[in-house]
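Sequences listed follow chains A and B, in order. In this text, residue positions in the first sequence follow the numbering used here: the first is 1, and each later residue adds one. In this text, residue positions in the second sequence follow the numbering used here: the first is 123, and each later residue adds one.
In case anyone wonders, no lab produced these hints; they're calculated from the structure. Incorrect hints may have been included.
Straight-line alpha carbon distances no greater than 30 angstroms define the calculated BS3-like cross-link-like pairs of lysine-lysine that follow [said to hold, decoys possible]:
#1 A/K89 - B/K283
#2 A/K42 - B/K283
#3 B/K338 - B/K515
#4 A/K98 - B/K515
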Amino acid sequence: MIHDLDTGTAVAVVSEDVFFSAIATREVSSRAVVYAGDYLNKLSGESVERECREKIADGATELIVDFSRTEIVNSIGVSILLGVIDAAKSNGASVVFKEVNESTTELFEMLGVTNHVRLIHN
Amino acid sequence: MAKPLYTTAEPQKIQSGSKIVHAFGALADLGAEVANRSNFSDTIRTSLHLLLGSLGIMRGGVARYSPYEGELSLAAVRGLGDEFPLAFPLTREDERAFLQCGTQALEVLDARDLTLLSLNGWILEAKDIELIVPLVVHDELLGMLFIGEKASGDRYNSHDKDIICAMGRHIGVAISQRNLLTELERKADETRKLYDEMRTTYNDTVRAFAAAIDSKDKYTEGHSTRVGKYTEIIARELGWADDEIEGASVAGYLHDVGKLTVERKIINAPYKIDAKESKELNRHPAVGYEILLPIHHPYADVPLAAKYHHERLDGRGYPDGLFDREIPYIAKIVNLADSFDAMTTDRPYKRRRPAPETIEDLRKNSGLQFAPEITAAMFRGLLREAAGETKDKRFRRLLGRDYMETEDLVPLIQHALDNIGSTQSITLSA
Numbered sequence: 001m002i003h004d005l006d007t008g009t010a011v012a013v014v015s016e017d018v019f020f021s022a023i024a025t026r027e028v029s030s031r032a033v034v035y036a037g038d039y040l041n042k043l044s045g046e047s048v049e050r051e052c053r054e055k056i057a058d059g060a061t062e063l064i065v066d067f068s069r070t071e072i073v074n075s076i077g078v079s080i081l082l083g084v085i086d087a088a089k090s091n092g093a094s095v096v097f098k099e100v101n102e103s104t105t106e107l108f109e110m111l112g113v114t115n116h117v118r119l120i121h122n
Numbered sequence: 123m124a125k126p127l128y129t130t131a132e133p134q135k136i137q138s139g140s141k142i143v144h145a146f147g148a149l150a151d152l153g154a155e156v157a158n159r160s161n162f163s164d165t166i167r168t169s170l171h172l173l174l175g176s177l178g179i180m181r182g183g184v185a186r187y188s189p190y191e192g193e194l195s196l197a198a199v200r201g202l203g204d205e206f207p208l209a210f211p212l213t214r215e216d217e218r219a220f221l222q223c224g225t226q227a228l229e230v231l232d233a234r235d236l237t238l239l240s241l242n243g244w245i246l247e248a249k250d251i252e253l254i255v256p257l258v259v260h261d262e263l264l265g266m267l268f269i270g271e272k273a274s275g276d277r278y279n280s281h282d283k284d285i286i287c288a289m290g291r292h293i294g295v296a297i298s299q300r301n302l303l304t305e306l307e308r309k310a311d312e313t314r315k316l317y318d319e320m321r322t323t324y325n326d327t328v329r330a331f332a333a334a335i336d337s338k339d340k341y342t343e344g345h346s347t348r349v350g351k352y353t354e355i356i357a358r359e360l361g362w363a364d365d366e367i368e369g370a371s372v373a374g375y376l377h378d379v380g381k382l383t384v385e386r387k388i389i390n391a392p393y394k395i396d397a398k399e400s401k402e403l404n405r406h407p408a409v410g411y412e413i414l415l416p417i418h419h420p421y422a423d424v425p426l427a428a429k430y431h432h433e434r435l436d437g438r439g440y441p442d443g444l445f446d447r448e449i450p451y452i453a454k455i456v457n458l459a460d461s462f463d464a465m466t467t468d469r470p471y472k473r474r475r476p477a478p479e480t481i482e483d484l485r486k487n488s489g490l491q492f493a494p495e496i497t498a499a500m501f502r503g504l505l506r507e508a509a510g511e512t513k514d515k516r517f518r519r520l521l522g523r524d525y526m527e528t529e530d531l532v533p534l535i536q537h538a539l540d541n542i543g544s545t546q547s548i549t550l551s552a
């Protein structure tokens with residue numbers, strides 16, 4: 001059995017209070033917001049990527065990943081975020097990382113993740 | 123954007139240190155994941171994430187190698203798209219080459235002479251696969267890593283390759299463990315099947331022996347088989363486990379094996395045998411024990427059941443005149459089953475007893491000959507079937523329909539059950 005990590009079959013249940021898409025509809029805006037949360041660092045974090053892919057498939061051209069509730073990102077989290085970036089690139093969408101803390105910013109810079117995204121703060 | 127943490131004159135050095143710390147974290151997580159072994163698919167998926175995330179790698183895959191099929195088949199992929207092949211045939215030459223180099227990161231561009239790359243180089247190139255890493259554990263090729271480009275755009279340096287190989291070894295161990303487990307499961311399955319076959323053979327042999335024993339006595343044809351079945355019924359009523367019930371049943375089937383050495387004319391005597399003949403006949407429990415003892419039965423009490431199935435709680439039985447607590451429990455069960463069959467079948471010198479008489483006889487002798495709780499177990503089985511509380515027709519098949527349809531049989535059994543002798547048998551473990 002092949003596990004395509006891009007479209008993985010195992011669906012993690014994500015509660016709405018942690019994970020929601022505060023986006024307007026395609027007609028109003030093409031911006032989608034996804035909260036990374038802390039479960040990004042586990043296999044269940046693949047659901048973040050799936051959610052992002054869905055937003056892109058729904059027409060979002062700018063994907064904002066909000067890290068305000070994310071204290072730390074580990075290697076699994078980096079891999080999942082790279083998947084998000086790859087999916088966005090393939091569909092001509094851009095990715096913005098919002099409210100990334102200092103240590104995570106350092107990690108993203110070190111690994112070259114910041115070559116592919118824009119970092120913003122409120 | 124957040125300020126960079128490092129402002130010293132050696133940013134490269136600090137970043138390199140941070141990279142190593144991050145990679146070590148991934149390596150530690152991977153070690154824990156492999157050791158956890160909860161779910162192989164999850165382990166492989168997590169391993170790929172950890173590998174790609176440790177160095178910021180955009181895409182990659184983990185393949186397992188099957189030497190039987192001569193094929194690398196992908197177990198987890200990331201960012202490789204639908205057009206990436208699910209499996210790669212591997213030549214023996216390539217396998218040997220990979221085994222020779224061990225777990226080592228090979229630059230795709232430098233390994234064009236391998237058949238794998240000469241045939242599939244185009245797709246690897248199209249997907250920006252820069253490295254392939256054979257997963258070799260204990261001189262066995264277990265799989266392959268396909269490593270794409272780094273998010274930074276940098277080329278892989280020797281440190282990066284060392285980290286990838288270290289993680290590759292962990293993934294190789296995970297695959298090796300999985301292969302071993304699969305092999306163990308296969309062997310366990312084979313052993314289980316073999317055991318089942320041997321058990322069937324053993325039980326068939328036991329039944330064949332029972333038939334051989336019974337063939338010496340034309341009047342009690344089927345006696346050993348019936349005693350085996352009654353013993354099984356009683357053991358089940360006593361709440362024994364399945365394998366204990368099976369053992370009890372075997373003890374019942376073989377309880378009279380000693381009769382094989384008794385002269386046929388004594389066994390078949392159509393009259394009440396004299397003292398000398400009786401002495402000869404009464405040797406059969408001890409002889410049976412001697413026959414059964416050297417055999418490695420799966421159930422320990424089979425020889426004991428043969429030896430002591432004519433003992434009585436009150437010490438008036440034979441061969442040793444044992445009392446209640448001295449008699450093995452299985453022998454008490456077989457004793458009741460044996461007596462019940464003797465009462466309910468025609469003998470050369472007398473007809474079988476009617477059901478009310480049999481039931482009353484069993485009740486009266488509980489505490490003297492029979493252990494009361496064993497008699498009660500037999501009654502419960504009888505009662506359940508007579509009252510139609512079960513679809514089982516075990517007694518009906520063994521005793522005949524008429525016998526089980528005796529008038530007022532249910533109240534008779536119930537009365538006997540309620541009034542079994544108060545003498546409690548102090549039982550030994552079965």
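Hint numbers contradicted by this structure:
4
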